[in-house]
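Each chain is listed here by its residues.
There are 2 protein chains.
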Amino acid sequence: MLSVSQTTGYAIKALACIATQDKPLLIRDISSAAGVPAPYLAKIVRRLRAAGIVSAKRGHKGGVQMARPPASISLLTIGEAIEGEELVGNCLLGKVFCEDLTACPTYTFWKKTGESIRSELDRLSLADIIAFNRNHARKAGRAQKKRGIK
Amino acid sequence: MLSVSQTTGYAIKALACIATQDKPLLIRDISSAAGVPAPYLAKIVRRLRAAGIVSAKRGHKGGVQMARPPASISLLTIGEAIEGEELVGNCLLGKVFCEDLTACPTYTFWKKTGESIRSELDRLSLADIIAFNRNHARKAGRAQKKRGIK
DNA sequence: AAAAATGTGGACATACAGGTCCATAAAGGC
DNA sequence: GCCTTTATGGACCTGTATGTCCACATTTTT
Chain A
2 MLSVSQTTGY AIKALACIAT QDKPLLIRDI SSAAGVPAPY LAKIVRRLRA
52 AGIVSAKRGH KGGVQMARPP ASISLLTIGE AIEGEELVGN CLLGKVFCED
102 LTACPTYTFW KKTGESIRSE LDRLSLADII AFNRNHARKA GRAQKKRGIK
Chain B
2 MLSVSQTTGY AIKALACIAT QDKPLLIRDI SSAAGVPAPY LAKIVRRLRA
52 AGIVSAKRGH KGGVQMARPP ASISLLTIGE AIEGEELVGN CLLGKVFCED
102 LTACPTYTFW KKTGESIRSE LDRLSLADII AFNRNHARKA GRAQKKRGIK
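Taken in sequence, the protein lines are chains A and B.
Mind the numbering: the first sequence is residues 2 to 151 in the numbering used here, read in order.
Mind the numbering: the second sequence is residues 2 to 151 in the numbering used here, read in order.
None of these hints come from the bench; they were simulated from the model.
The reader is advised that the hints may include incorrect statements.
Identical chains share a label here; the pair holds if one copy fits it or two copies do between them.
For lysine-lysine, the following DSS-like pairs were computed, each having C-alpha atoms within a straight-line distance of at most 27 Å [claimed, not checked]:
1. K58 / K24
2. K96 / K140
3. K112 / K140
4. K113 / K96
5. K112 / K96
6. K24 / K44
Keep in mind it's a predicted model, so treat the numbers as computed, not measured.
Throw the hints in and build the complete structure from the sequences for me.
Structure, rendered in structure tokens:
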């Protein structure tokens, strides 16, 4: 299916959670907050650490926290840290279909559209994700209030 | 990686080959012409037959041929025959990221862009692919001639 | 120094896409 | 009717994404 990998989705959710705190968070807490399986999350965190996105500390009072400000980390950066440089494929029809890039009926279309996707992923930062989540939670809260819940 | 699956790419290449002939072609001939592993191609053909895109005949003088005119078969049709209805995902960040579709920072962007991709895949027919290939081969031939090859 | 807490790295398990193989069914030629 | 040809369906293999587990290293607390 045409979308970013599940693991990248996990990474974004986890980071959005980590970035709300200014102190180290435990893998298990991030796991339950972001809904990512804890052992798998531990693996994802290792890749994010290798990419310099988070720092991790072992032992008592240890945990995971951001290594850089959330506003400086784009979804593209996260995706590439997880899936590699070719996050957005060179060709819509896959690399097997056109080894020679220009020899593809979708070349012109994908040159424009693929670049548009890359730039959207580059434009959106972790800070944007957090702001969006907060805004969305607020709106959902208002809606609940309006319906007389709680 | 963000692109159609390898199998879908194989299917398009194979169909582009099948559609150039008006008689049944053998799996092994399509295989060598399209560069798709023969046993795997046989599997792909079965799915295309189930989708009513090609018809196949067994035994002597058998083979595979189009069941419908190439101009009436879009890349979207082919992709959905291979990968299912959700060829272009509902969300750029994957279904795990946003169960509630509107609760996604890329929602507005992807609504537009995903639809644009779908419509491009729907616009391009097998006949277009064939025309493109022919045109491309012609241009390549001219370029070779110009360089004094053969 | 010992104990407790917590990420690390690697081995292993599972699921699915990609790919191979073979016995069989169907179709044509004799 | 029999032989050859060719797709068919299913079993099986391989590789990669996803997911689990555990012994170990590191850090803090006592």
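Quick rundown of the hints versus the structure:
| no. | hint | result |
| --- | --- | --- |
| 1 | K58 / K24 | within (11 Å within a copy, 67 Å between copies) |
| 2 | K96 / K140 | between (43 Å within a copy, 22 Å between copies) |
| 3 | K112 / K140 | between (37 Å within a copy, 21 Å between copies) |
| 4 | K113 / K96 | both (17 Å within a copy, 25 Å between copies) |
| 5 | K112 / K96 | both (14 Å within a copy, 25 Å between copies) |
| 6 | K24 / K44 | within (20 Å within a copy, 53 Å between copies) |
Taken one by one, the earlier hints all hold for this structure without exception.
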